[in-house]
Amino acid sequence: MKKNKILIFIVIVTAIVAVIRTVSAQNQVKQLKREEYGGSDREYSLVMEKDGRDCEVNLTVNPKIPDEAGLNKMFEDTYENILTKIMGGNNSLSEVTENLDFTYNTESGITIQYFLDDYSVINGFGEVNNKSLQSPEKVDISVELRYEDKYKTYKIPVVVLPKQITEEEQINTELSNRINSEDTNSDYVKLPEEIDGKKVIFYEKKKKILPYFFAMFLIIAFLIYYYKIYNPKITKEKRDKLLIADYPEIVSKLSLLMGAGMSTYNALIKITEDYKKTGKTKPAYELLYECLNRISSGITETDAYMEFGKRCNVMCYIKLGNLLAQNISKGTDNIFQLLKEETEKAFEDRKALAKKLGEEAGTKLLLPMTMMLSVVLIIIVIPAFMSF
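For what it's worth, my numbering labels the leading residue of the sequence shown as 2, then goes sequentially.
Calculated from the structure, these hints are not laboratory results.
Among these hints, one or two may not hold up.
Pairs of lysine-lysine residues, derived as PhoX-like cross-links and limited to a Cα-Cα distance of at most 25 Å, are as follows [as the list claims (entries may be wrong)]:
#, residue 1, residue 2
1, Lys86, Lys237
2, Lys237, Lys153
3, Lys74, Lys86
4, Lys242, Lys74
5, Lys86, Lys153
6, Lys86, Lys34
Put together the whole structure using the sequences plus the hints.
This is how it looks when you write it as structure tokens:
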């Protein structure tokens, strides 16, 4: 626990020192960076020292402006980039069957416009309409590149091929045409029994239920794991902790009552009666109550006490059950001394358990503390590096 406190203290001090150093540090600035071509104005907030006095100044720096040679190179680079991207999923601009990829903006600030000589084949978004084509169709695309008031136009010729229709698509088209040509005033549409001289049969398309079964299987598997494996394990750990927490109180009361002259059975009855008055539910007392009920139903005290320890399934209760059973069957002269020692040991174990739980709680706090420190360092360090 002491080590954890020291570690937490070091983390806090480190964060405070980092904040102080970052806030107090000032870097001298001798030049300001412009945005690249086509970028926006960049704002700078600086502190200017003059005659020993500081004053805050806000400066606006315009982006880089290319000269004529630089602008031509920007146009050429943009055009080459367009030639690469415009093909989209096509292998060549001379064999276009899929939609083209029209890029409209660039990082350099150049705007792009596309003009086509036949919008019925390719529209302004680069979408290709070749379903009705019977032969290849040539389309000229004019690309206008503009930077402020300067512009340049390039021409890109493409050849659009007729759409390759699969056998399934052809059958769908023929069926649709045949159905739509029938009497539109009738309540039903009769499906053909033959296509291309071959007999056909139509069925309703079955819904795909396999994904639903798979999802249901995963849910059931998770529920089985949770209720049969994970949850019982967590429940048992919680139950054992509650049993151990109540053990010193039970042994202490038993020692006092038996020392006052009560028999083991009567002392346990007194303990359970006092427990019932509290209205609380504790597993150790509930098991003890069941043990006394078993004795009332005819089971011997020896067997009942042994069974009580086994049902608790915790070492201290197993030891107590054996001790009480031995006292009934053989008689133990020093039973009071043994119970007193067991009481002292139980309270020492409770102190050790409380200390252990406190250390575990302190250890669990280290993760959020470390995460908080990481966030603070990120907030501080990243702007510091970006300012260089």
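(message) To test your reading of the hints: which numbers does this structure violate?
(response) The structure breaks hints 1, 2, 4, 6; every other hint is satisfied.
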